[in-house]
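*Asks:* Top line first, the protein sequences correspond to chains A and B. Residue numbering for the first sequence follows our numbering, beginning at 1 and increasing consecutively. Residue numbering for the second sequence follows our numbering, beginning at 1001 and increasing consecutively.
Derived from the structure by calculation, the hints contain no laboratory data. Predicted, not measured: the structure shown is a model, and the values here were computed from it. Treat the hints with care, as some may be off.
Claimed, not checked - Derived list of chain B stretches under chain A, where covered just means 3 residues or more per stretch with a C-beta under 8 Å from a C-beta of chain A:
no., segment
1, 1181-1189
2, 1194-1208
Stated by the list, open to error - Pairs of lysine-lysine, DSSO-like flavour, derived with a Cα cap of 30 Å:
no., chain 1, residue 1, chain 2, residue 2
3, B, K1409, B, K1373
4, A, K206, B, K1239
5, B, K1385, B, K1409
6, A, K155, A, K101
7, B, K1409, A, K276
8, B, K1089, A, K155
9, A, K388, B, K1444
10, A, K388, B, K1079
All C-beta atoms, glycine included, are put in the ideal place defined by N, C-alpha and C.
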Amino acid sequence: MNNALPRHIDFQIASRALIAVLFVGAVVRADETAPKPINHWRFNQSSVIADRIKDHAGKLDATVTGPLVLSDDVLGGAIALDGEQQTIALAATPQPPAIPKRDLTAEAWVNVAEAREWGGIVSALQDNGDFERGWLLGFRQSNFCFALCAGESAKLTYMNADVAFQPGSWHHVVATFDGSEMRLYVDGRLAAHSKDQTGDIRYPPKFVYELAAYHDDDEHYRWPGMLHEVAVFDRALDEKQIAARFAAKHRDFIAPLRISVGPYARHVDHTTVEIKWQTDVAVPTLLEYRAGTAAPHRIGRDQPTKSHTARIADVQSEGQYTYRVLVPADGKNAAEGTVATGRTYSFDAAFDYTQDAPPSEPSPFADDAATPRIVEYAELATMHAATKQGICLVLGSARGRLAYEIARRSQFQVIVVEPDEAAASEARRLLSDAGYYGQRVSVHSGSLDDLPYADYFANVIVSAAALDDESQAHRATAWLRMLRPAGGVMLLGTGGEAQERAARTDKLHTSLSAASIGKLSQLPGEQAAWLLLHRDELPGAGDWSHQYGLADNASCSRDELVSGEMRPLWFGQPGARPMPDRGGRNPAPLAAGGNLYVEGDRILFGMDAYNGTIRWVYQIPDLRRSNVPRDSSNLAAGKNVVHVALGSSCLTIDAITGEVRSTFAVPTPETVDVAADGAAADVVSEANDTGQHEWGYLARVGDAVLGTAVHARARYVADRGEWYDGAPGWETEKVVGENVFSLDARSGEKRWEYRGGRVLNATITVGDGRVYFVESRSQRAKDKKSGRLGDEALDDTYLVALDLETGRPLWQSPVDFGTGRRVLYLSHQDGMVVAAGSSDDYRLAAFDATTGETRWRQSFPWDHDHHGGAIQHPVIVGGMVYTEFKAFALTDGKPQPGLPPRGHGCGAQAASMHAFFYRGGFHTMFDIASRQQTEMAPARSGCWLGIIPAGGIVIAPETSSGCSCTHALQTSMAFVPVRANTPKPRSEAPPSKK
Amino acid sequence: MTSKPASKNYESRLKHRSRDRAFRISTLLAAAFCSAALGATARAEDWPTYQHDYARAGVSAEKLSFPLAPAWTHRSRAKPQPAWPGPAKADLYSKIHNLRPRMTFDKVFQVVSAGDAVYFGSSADDQVHALDAATGERRWSFFAEAPIRFAPTIVGDRLYFASDDGRVYCLDRAEGKQIWRRDPPEKDYRLPGNGRIISLWAIRSGVVVDGGIAYFSSGLFPKEGVFVNAISAEDGSPKWRTPISDRPAQGYILASATRLYVPTGRENPLVFDRGTGKSLQAVSGQGGTYALLSGDTLIFGPGKTGELGVVEPGESEQLATFAGNHMLVAGGMFYLHAEGRLRALDQVRYVELARKRRELTARKATLTAQLKKLGRGVASAEGLKLTTELAAVGNELNKVNAEIPKCVKWDVACPQSLAMVMAGDALIAGGDGEVAAYNAADGKQVWKAKVVGAAYGLAIANERVYASTDIGVIHCFQ
């Protein structure tokens, strides 16, 4: 074997093995002397009889209710498990026809798509309160398990495998019992054993004998994935036999090629979806897709490449599409046979936010003397706009021609304001004839001096009326309030003779310069003199670029503008459908540089923060992370890009176009001995580790991307409604990194890598040129393979500070964080590092950021330990540390007036410099100065951080999703502070006559 | 335009289901009256507002002759643009999958018709269009400044409609000329909303016009002002306006003789006094914008699971719930339109049993509480008495529950589950790619026709059936 190649991508070797298997053509290769099962279900076409799967060894056919979809993802076939509706029943007892009495072996080849709290592969038990009987081969979370009750025992013994399984990968799992010892084997290796149970298996009086589910009277837990075969023996196979059975078949299940990045899917238009993925080696690949249960189609190229793209055409407007990547079995020619590279993915065709195709009607506009100038205007405006999506405000209709010319050159929604009713009517008629009226262009009648629109809403402002208008300089400054900050463009032209034109331009320049809101420049033009204004970011506006505000985790955007009375700025998509259910403590939305990023359920939205325009959307099967209080977000934003941790990579996506600019691989973990000072003393490279680790923590600080490598099975996904709100237990286990590293944000070049203990992702904090975190250096923590730590996380803990530029440890202090069993966070502000944790109450500790010395400690009881009441993340603003409703001075920890109770709300708090935002009954704001709490009905957010103050506005993407509450709107929305020039109420006016 | 006026007495017929005294006396009598009325009238009839009348009953007295033949098809340039996307895929915490959309008012261009004209508003091109009912040819179009999400209402020679631009418009329906327009009294404020630039006081209720008054709701954000409004139908001058403090008003507004019923999107409807605008109550349920009245009995849904709740006058709690998408009440029957099924239930008997069940359930709860209060005294004479009564109540409740299924008179497969209306003795159902008619007497299918798209909108007027689909197509059958 060529050691230079990772073992999972040794394509030739794998394919040779597969070809060999093809010739052998046997599903089970046990020889004649091999033990014979009493039941054997193989999930392939030849085993299907109507809705049953034939028992090849006995007479206990399996009855499938729900979808019976057989996949050829694996040689010999497999049944696809939907995890929701499907049942594979063997029998309902009391008297199943054949079932082991004492000696037992249950064997399965199984592929679990995602870890769940409980899962059954073969289930024959009751576990209801104190009543425990029978046996189960299954899994609990990420570990296969075997449970059994025997003899006179009244309890089931549950054994978990000592190694977590890999979701989406094939595993050989075997449970044996010989009347005295339970054994569990995973991939041919003994993974757990127990002598707690002896005697005959003690079955319950009645139970359901079932495959692919944990099923008793109280529970019925299914799971998504695949089953290749299940066999049950009435004897206990020994270790050697099991190893042989694994060895005889395991190569069938090795993916011949690993997808190293992606896949990710994006609607190009209403009927076309583009899917991209990368492989570590250059190969030709095929994409096989199907709409629902329709026949599959294949598309692809013959040319070897590492970056793959496939476009699915004729996509319907609704429905789930599934797809998978295939490679030629010989590595070259698909006609010679193909092999799947891994699991089956999906995208939802309904999540199409692209615009309708441009109308095909001929232009109804007749050319006249004004046409060249209008056309030049439209060309310049669209050319110099930062984006061609969003909203364009056209002041003065020019009979609709300017709007028409802009609309056909862009994807803008164009709003025309026309003071003259007759001109407005004519513009509407012409634009309607052109096919643009309505969604693309709308004409509003009204004065150009008193515009009713929200602040900041227009990406582009142009004025046909101003071209020859002496008063445009005065008006233009009034129009500026509607121009989007951070890149909005106002383009105004002046006509007339050269001298007149120059004078007007100067006047306009002077007027706009005085506003001091952006960069002014003159554009050359043949038809007029053009003055272009690019609006800057709002002075005093802040970003929410990371999960808790900035990389300092202070939960404060430092925004100086967001305060006082608010009113809606925009509302609409995305709605509840693409979002994960509300309770999973999901990653927060981010906003930086006027760009908004919203992570849904395996979908990412790139939006305009100021008007809610959806610019781009990716459906990414692996983009899911939850239980953020015990982990970290998978998003971080720069000014014009968003970084996305996806599998073992980090994608950098352009904020405007959505193009993936770069992909960085997570630095390959290495085995190290850690010196006493935490530095890597003896690095032993272990290459070929590809796929075993994922990108965990993620931050963007200056020109560096920071991260950690975490175990590939570590992240939580909350696909079963998990709330992560309970007392210490499995749901409070903390996801830990095995390193901390810094890459160059442009090149991806590694700047430094720190290796010490296990680094708690939720604690990694950046401030004052340092990276702070808590790590456990205990052997117990290092020995745990799952990537999540329970109490081990708090053993032998150190508070560490690294130099941001070099990664060199600056200081490290052994600190007992044993009171952070539920949650443990770090934040930084004003020279202090604040640790906040909870076990049985809240504990705060503040450390000097330059030395690590302890400054003060505090503790206080929580008000309630449900609905997030015991896991609140602190907010540091205005020299105060707020946790839940308590406040302490940052400098000395002295108690200060806190916040009012949040009411019924389970989310975390976010702050600008002057106000807090959180979920009360609805979206709620607490103004620090006035100490006034305001609810903004009728929308509410989900159960973690969903309302962010950034860019001078407050943004609240829809995060309530499946919430059972009947709050009247489920919508993404934003609020803007009411300013002097925002329209105010007026008295009742009489209706207007025609 | 050469159209004749709408059928005579259209306004009085609008009032018919909401004002007739029989409806006010009781649901039972209302049904009996309705049945008699249906038997007596089988002539051509207008469909002047969404679902025929302000009870949103969806029942026309007109009797159709089947089979119907395709007459014309109108295809809009752009398909409807509903304000709100679908619901979450699942409430995982509660283990509920396939949540139902609760805001379904603008999935299609709902049609109204009077005389020889058909009208609809468009959420895509912001216009009200008038078509010739015989040919489908366009007569006129009128522009608003934002999407028009609700069907217009026809009263006499006038056509009323409202838009997301926050305005109520009154047009001369022959020419499409504006007679008056009522703007929000607040200073205009427009913002990006549901993908368009709309008023902060967008009108999402349609317009009810009765007794010279036009009723509608406005606004989406209570802090900015959500109102139930009454204005003069003659000139748009204000009459009264009542604020709603905690929810937006979304969904076709309903009216009985004395009350207005205002759906509130995902939330439950609110009830107001028609004369004064006084807020009367919020009903209980699982929310939704599909609603109809039978007298002052409100039936609404679909909640998040596809459930219709029945709330009797003066009550806030539900009398009964049905698993279903739509319901019609006519001829003493409930016609329940569920996913894949169509059922007829004896309305009188069902209501009688449901009331009995409510009474027994309440008594059972009281007795159980009293017994619990006794604690160890449960063995006392009083405890024995309570226990005995509780057992009797339980038995009686079981009997009632056993009787309820017997109310089903027929139950047939009905693959067209998206919309339902009634004409004479025929139930018309809209489905995905087809519409069909069923005999109300026995549930037998009597007609079926193909349509392009999903038929979420149906209307019956003057011997024609109109089916509106989610891709912007209006089919006319006659």
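*Asks:* Report the numbers of all earlier hints that the structure fails to satisfy, in ascending order.
*Replies:* 3, 4, 5, 7, 8 and 9
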